[in-house]
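So the protein sequences, as listed, match chains A and B.
Going by our numbering, the first sequence opens with residue 1, and the numbers climb by one from there.
Going by our numbering, the second sequence opens with residue 1, and the numbers climb by one from there.
By construction, these hints were calculated from the structure, which means they are not laboratory data.
Warning: the hint list may mix true and false statements.
[As the list claims (entries may be wrong)] Think about it this way: if two alpha-carbon atoms lie no more than 30 Å apart in a straight line, the pair counts; the simulated DSSO-like pairs of lysine-lysine are:
no. : chain 1 : residue 1 : chain 2 : residue 2
1   : A       : K321      : B       : K246
2   : A       : K326      : B       : K163
3   : A       : K104      : B       : K38
4   : A       : K792      : A       : K713
5   : A       : K326      : B       : K100
6   : A       : K698      : A       : K761
7   : A       : K280      : A       : K792
8   : A       : K380      : B       : K38
9   : A       : K664      : A       : K713
10  : B       : K163      : B       : K240
11  : B       : K170      : A       : K333
12  : A       : K321      : B       : K240
13  : A       : K326      : B       : K246
14  : B       : K31       : A       : K372
15  : A       : K310      : B       : K163
16  : B       : K31       : A       : K842
Each chain, letter by letter, is given below.
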Amino acid sequence: PNQLTLSQLGGDERRVDSRTIYVGHRSCPANEAFIPPKFCDNRIVSSKYTVWNFLPKNLFEQFRRIANFYFLIIFLVQVIVDTPTSPVTSGLPLFFVITVTAIKQGYEDWLRHKADNEVNKYPVTVLEDGRRIRKESEKIKVGDVVEVEENETFPCDLILLQSSRDDDTCFVTTASLDGESNHKTHYTVPDTEKDLESLNATIECEQPQPDLYKFVGRMHIYKNNQEPAVRSLGPENLLLKGATLKNTQKICGVAVYTGMETKMALNYQGKSQKRSAVEKSINAFLLVYLCILVSKALVCTTLKYVWQSKPGQDEPWYNEKTQREKDTNLYLKMFTDFLSFMVLFNFIIPVSMYVTVEMQKFLGSFFITWDKDFFDPEIKEGALVNTSDLNEELGQVEYIFTDKTGTLTQNNMEFIECCIDGFQYKYRDASSELDGFCVTDGPVNKLQQKAGREREELFLRALCLCHTVQVKEPTEGFIASSPDEVALVKGAMRYGFTFLGLERKTMKILNRNNDVEMYELLHVLNFDPVRRRMSVIVRAISGDTLLFCKGADSSIFPRVRQEEVERIRMHVERNATEGYRTLCVAYKYLSAEEYAQADAGLREARLALQDREQKLMAVYNQVETGMSLIGATAVEDRLQEEAAETMEALQGAGMKVWVLTGDKMETAKSTCYACRLFQRNTELLELTVRTLEDGGRKREERLHELLLEYHKKAVQDAPPVKAAVTRSWSLTNQDYGFIIDGATLSMVLNESNESNSSRYKNLFLQICQNCTAVLCCRMAPLQKAQIVKMVKNSKGCPITLSIGDGANDVSMILEAHVGIGIKGKEGRQAVRNSDYAIPKLKHLKKLLLAHGHLYYVRIAHLVQYFFYKNLCFILPQFLYQFFCGYSQQPLYDAAYLTMYNICFTSMPILAYSLLEQHICMEVLLDNATLYREIAKNAMLRWGPFLYWTLLGVFHGLLFFFGVRYLFSNPALQDNGQVFGNWSYGTIVFTVLVFTVTLKLALDTRHWTWINHFVIWGSLAFYVFFSFFWGGIIWPFLRQQRLYFVFANMLSSVSAWLVIILLILLSLLPEILLVVFRKPRGPHARQKLSQSSAGGLQSPRSSARPLLMRTFSDESNTVI
Amino acid sequence: MMASSYNAKEEDGHPSGASGHGGPGVVKSKKPDNTAFKQQRLPAWQPILTAGTVLPAFFVIGLIFIPIGIGLFVTSNNIKEFEIDYTGVDMDSPCYTCAKNSSWNNTTPCTCSVDFTLEQPFESNVFMYYGLSNFYQNHRRYVKSRDDSQLNGGRSALMEPSKECEPYRKTDGVPIAPCGAIANSLFNDTLELFHIDSNGSRNAIPLVKKGIAWWTDKHVKFRNPGGNNNLTLAFQGTAKPVNWRKPVYELDPSDPENNGFINEDFIVWMRTAALPTFRKLYRIIQKKSSTTPTLPSGKYTLDITYNYPVLSFDGRKRMILSTISWMGGKNPFLGIAYITVGSICFFLGVVLLIIHYKYDTRNNSADIPN
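Given only the sequences and the hints, what does the whole structure look like? Please build it.
Following this line, the structure appears as structure tokens:
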């Protein structure tokens, strides 16, 4: 709900290090030895390369990838050692890949250079010795006084010195920084001289740090021989690079942070690279294949020397060695033989797989951005893909961590009711009150009784005064950082009190009698999520000094007189269980002394350079005591569209949903009920401060006890995991929901006792993993990330997904395997840091169940298929070594070796991996359980891998020995002529290309015209190419090995027959398997297809009855 | 890899269309196109293999393959083939002496005769093969040891053969034509076939040496340098391969169309065999008349000019007489394979049929309604 919490608990803001800046580079009287300090210049460098270092640096980076390095080694071996295949066969694909990647990266870097230049060369105005000098932005130095005009962006981080507005403020929008488009007010440093030329001051501030909302500094102003005046500087004085000046003609500011030290630049560094589970699987498979490769080469080398040891085999008279071969050392020869075999078989790990996988990911991600279902007409935007590396991870999610406000709920607050002195006021939009605020007799609807008029008005004044809302000038709207405040101000408006705006520290209110009341705003005690309250200190015309405070009940109740609490508490709790957000309002009169003391304390704390936060907090806490409670408000946060359906579908898909929220437990719980995360029969296991304090014993003991009890309940007595998979669908089993709050969580995680700590953590995890839904309330942002991290690193390494919309969700979005940002109302920080961004929560369902599922199936099939097709490609070549004296004679022609992966078999699998829908999208969406079928990396586990490998081995054996037995009599033509070794290879290769392509055709369930075109097209291309390649005497070839080999092969009936036979025989087991697997698979699918045929009428047919039942009597907060 | 993490331009509030993000539409806030392709709704055929669809296929395959297999098997069985090993390993075999004494340095050719009897007459054209065993024509060092541009009549390659031909590239600085190990080890036994009449007289059987090499090899791939006239001149400045008795332009002096590089025996030899045991076409015995068989049953003598040593690498030499059918030479493999696969398919078809009717009475439509 609030943005100011990015690193609330970070605790690292206590920097001792500070920097001193001389405004306008003028030395100060206090500091005799004026040494201009060195700071970095104002150049933004986001580019990685320069023209000179591009080639070496880029090549170095590329060859750091293990695969590229491997191919480079193979290529070098081919160049150096006399190997069976020419270096071109592996050099060409590698060169292609490297070049394409280099061009792409170069282009991206060029764009960055261009963007950098645009920023760095942007002309700015700098005031130097009273003159205005135009400079390029990159020449700004720390200490320069910079002038910025309206609608310009700030070239670096500035301390605001002077504004053209007469109230010493300026407005900025930080839309490009965090996406918040509202205007923020920034203030000039108080009491600086109007004449900047004569300003003699130094600024002492902390070293640059990335937190956009934190800044501490101090300004010393020196006037002729007077004691230097000290002013405190805070984030409200700091204008950030990247923000834009609005509604202000021009401002002057002094540069404090420049270039790469600006908060903007610091914020966009170090977004870590996420790797998908599929990639890990690929690497594991790669290792297996590498082992296969090495063992093949070893076997061949060994056998070669065994074979050669027999007399007459090594060097028969017809096949003498060259002089050089004779001279080579035996061991060296063995080694080069080994390398040659490696090269011969290296196609088993193809370069093209990496290219294809990258292409698939890159092109595949377009389907997400293209999906019109993700388009939201309100914000006129669709989904956004920030990384294409994680597409398939969307199909593997096991844990979903979701924010509540803005994600599950709309963050569209509506004032529902309030309670004043224990009396309930419910607003009813009666027909007579078309414009709610100008009705003089008040829309306050008496239920039974009414509080005193004076109390009522006090309460409404409190609502009007205690906030940080701005009145937007052109239209009668309000702008605030938190939508709750707007709702409250609007609520007060309905009851007759209208906030007119804040001008020169004076708040104006239009009261019920249409009189304008004026209050001088003395202090704002800002909201923060730790205190969970905010206060204002105002002085009325009458001279009374008042403190109004609003905040969460837990933070207000201990600070008011206890006898008042009971009346209100009842209302607050009832409201909370109904899913409303409640705030309590309190006030107190400050006597003159009290105020003076508070004022002094606040001023002093604000000037503190170190530990300012803590000092301020202490003063705040001191001031906000002894208040009296006036009432409470209830604001409804509507659920997102289809939030419940989405959550239920996700749970049905086997995902565990954890709600992590900063909100209070009751509100969050009711939202969970509303979203059907908790159902009526869900047994809630609560582990909160309240339950801990129940027993009246020490918290630690109670914690221990409860953990064990819950563990017994949820883990030990639960049915074994197998049965539990279908738990949420069979109602016989008990569902558990777990609730924990921030304080308890930190007790669990930060247990002082080492051994206990890990034990508690384990217990906690096990309980959570056995619950269908977990609610963590009162979480600080970092705690959210902590939880994600804990689950991520738990046993089995489940795939986690975090979804959120606000800056407070960024940490968990970055932490989880997949981070989803919602393009919500709380700015763009979450979207920027996410991997995927969607406009609404409801889109998550399609993103995971349809897109994620399909992407996973596609890429898993792609990977397995690639390994398979290269195994059965190379296996015959390996087997051939047994028949050619282990001489590394390739079975296939070099052209075939090179083209196999590039041309003949690459396009069909790419098309498949982009277009396949083994189950159509509607069915996937309607039947969330289908998602479970691919859970836990089901298609890339060792089982399927073994299946594909065996299939590849089977095919390879079949191809080779089928043709081998045919060639026991090589007279295969009807004119008695014989075929040679190249015909042999060509027949094997033809069978191979056809089988491998047809195998894919068998697997294709979704034949679009593209699939047809590509599959039949590749086969046709193969035939065409073979004719072409064999039809011409190529002048650049040393050997015309394939000259008319293919045509002659086709003229042989036997060759045709064996090709048809082998293709059919290799596909037979596949077909059989599909048919025999049928009783489960297609059966279900057919039923699904029927339901989807009728699905247009009742889209959520299966889930419906369950939904209706569970929620009818649970709460009335559903829309 | 596809997403860049930092783009200064965009962060400064001037969104650029050319950022490194993973997809388009990053900047354009336009509604995505509602095309079938982009929405992944291209019309598609969605076949599902069920017992219902596969069943007929199995029967059809079975019904087609079994007859083909029987046909192949019968055809293969009808092919007459006679094979005789004349290596001369045993003491009592006629070529024992030749085999023992044969070496490349022999100036006087060694001849021997092998008698054999054909039990059955060979009716149609008979193809005469020589077969070698344990001869690694597919050894890499051997396979690559040739220069196709030299064989194609290239003049420069004739005088400067490719390095691949080593160590048979040059002899005393003079280029070898044809160079390389394959050419050097050209099979040079001469085989002659005689029919022994009932009265004991030897009748030479005419052996045709035309049409034993691939047409394209003979006419395109292999060419003499400078055409076919005066080969002696054309090959001037080259040396014969070290193991040869005569230069390349004397391979067949009787027929200029069969001399030099385009000598068919040479071309056949140059097409390297796939396996270490192989046969190569040597001669064709044309059928004379429709009434008499090409080779009537009876006694025959094979006269061998024994030049080619194979015992040093434990090799064997054979002479094979075979008729040819539309599927080539005798090879029962294809027939057996077809019959087996056909039967398996048929059997599976029956099994599937039983399963289908016993356990599955649902409709077996092939397509999901789209």
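Hint check:
1. A:K321 with B:K246: It holds: about 24 Å lies between the C-alpha atoms, which stays within 30 Å.
2. A:K326 with B:K163: 16 Å, holds
3. A:K104 with B:K38: Distance of about 24 Å is within 30 Å: holds.
4. A:K792 with A:K713: 24 Å, holds
5. A:K326 with B:K100: 28 Å, holds
6. A:K698 with A:K761: 19 Å, holds
7. A:K280 with A:K792: Satisfied, since the Cα-Cα distance of roughly 15 Å is no more than 30 Å.
8. A:K380 with B:K38: 18 Å, holds
9. A:K664 with A:K713: Answer holds: K664 of chain A to K713 of chain A is near 26 Å, not above 30 Å.
10. B:K163 with B:K240: 17 Å, holds
11. B:K170 with A:K333: 25 Å, holds
12. A:K321 with B:K240: 19 Å, holds
13. A:K326 with B:K246: Holds, because 29 Å separates the two Cα atoms, which is no more than 30 Å.
14. B:K31 with A:K372: 7 Å, holds
15. A:K310 with B:K163: 29 Å, holds
16. B:K31 with A:K842: Distance of about 18 Å is within 30 Å: holds.
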